[in-house]
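Chains as they are written, first to last, in this note's numbering: chain A, 3 to 116; chain B, 1090 to 1205.
For the record, the hints were derived by calculation from the structure and aren't laboratory data. Predicted model only: the values in this text are computed from it and were never measured. Misleading hints may appear alongside valid ones.
Below 27 Å or equal to it, Euclidean Cα-Cα: the simulated DSSO-like pairs (lysine-lysine) are [as the list claims (entries may be wrong)]:
{"#": "1", "chain 1": "A", "residue 1": "Lys54", "chain 2": "B", "residue 2": "Lys1151"}
{"#": "2", "chain 1": "A", "residue 1": "Lys70", "chain 2": "B", "residue 2": "Lys1133"}
{"#": "3", "chain 1": "B", "residue 1": "Lys1160", "chain 2": "B", "residue 2": "Lys1100"}
{"#": "4", "chain 1": "B", "residue 1": "Lys1151", "chain 2": "B", "residue 2": "Lys1167"}
{"#": "5", "chain 1": "B", "residue 1": "Lys1133", "chain 2": "B", "residue 2": "Lys1167"}
{"#": "6", "chain 1": "B", "residue 1": "Lys1151", "chain 2": "B", "residue 2": "Lys1100"}
{"#": "7", "chain 1": "B", "residue 1": "Lys1172", "chain 2": "A", "residue 2": "Lys58"}
{"#": "8", "chain 1": "A", "residue 1": "Lys58", "chain 2": "A", "residue 2": "Lys79"}
{"#": "9", "chain 1": "B", "residue 1": "Lys1160", "chain 2": "B", "residue 2": "Lys1104"}
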Amino acid sequence: GNSVTQMEGPVTLSEEAFLTINCTYTATGYPSLFWYVQYPGEGLQLLLKATKADDKGSNKGFEATYRKETTSFHLEKGSVQVSDSAVYFCALGISSGSARQLTFGSGTQLTVLP
Amino acid sequence: EAGVAQSPRYKIIEKRQSVAFWCNPISGHATLYWYQQILGQGPKLLIQFQNNGVVDDSQLPKDRFSAERLKGVDSTLKIQPAKLEDSAVYLCASSLLTSGGTDTQYFGPGTRLTVL
């Protein structure tokens, strides 16, 4: 079946530090890959996505590259800010006809200290 | 553009009681999803609607959970009777269905259910 494994948290960084959150997946077929972010008290928001191998998704300084050979989609940011404190979810999407199966990892809590 | 709306935001009930959640998707989005997010876990899909038809309900516990989307817009999710293990955040999402399967799902703020 399809599954996503994320780096366990919580992760605590100082402002301006480099961030990596690891994500690996197992899937049948050709999934799309997503990173969602959940800020305190808010719903899930799409952060970035990649739909095929070697695609790079980017948004708000965050980047992730779809690596088929290592089945990975690691999230990176060069310099984190306090406002980046949130829970980050990696997810894979498989489509079959009109069915859309989005499988999430368990989430990684990030806290950025000033 | 208005986002996905959900209500109520919080609900506390006792086990064996019933509860209903409401979702209004983004205007024009034909596809609607309900997810269950247990504390410390990622969301798990319960059911997907395309307009007012069910596309996938394979992970919906049908003995106690039901969902409908009668007019292809709003949707309700019901639990009857509730169990302690149903305590979770119930998320609604909507999307435009794309032919390539690269749809982005947009999530509402969720309803936090506590079953005592």
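Okay, the hints, checked on the actual structure:
1. A/Lys54 <-> B/Lys1151: violated (35 Å)
2. A/Lys70 <-> B/Lys1133: Holds, because 24 Å separates the two Cα atoms, which is no more than 27 Å.
3. B/Lys1160 <-> B/Lys1100: holds (25 Å)
4. B/Lys1151 <-> B/Lys1167: holds (10 Å)
5. B/Lys1133 <-> B/Lys1167: Judged against 27 Å, a Cα distance of about 16 Å means the pair holds.
6. B/Lys1151 <-> B/Lys1100: holds (21 Å)
7. B/Lys1172 <-> A/Lys58: violated (43 Å)
8. A/Lys58 <-> A/Lys79: Holds, at about 13 Å.
9. B/Lys1160 <-> B/Lys1104: violated (31 Å)
Hint compliance for this structure: hints 1, 7 and 9 are broken, all remaining hints hold.
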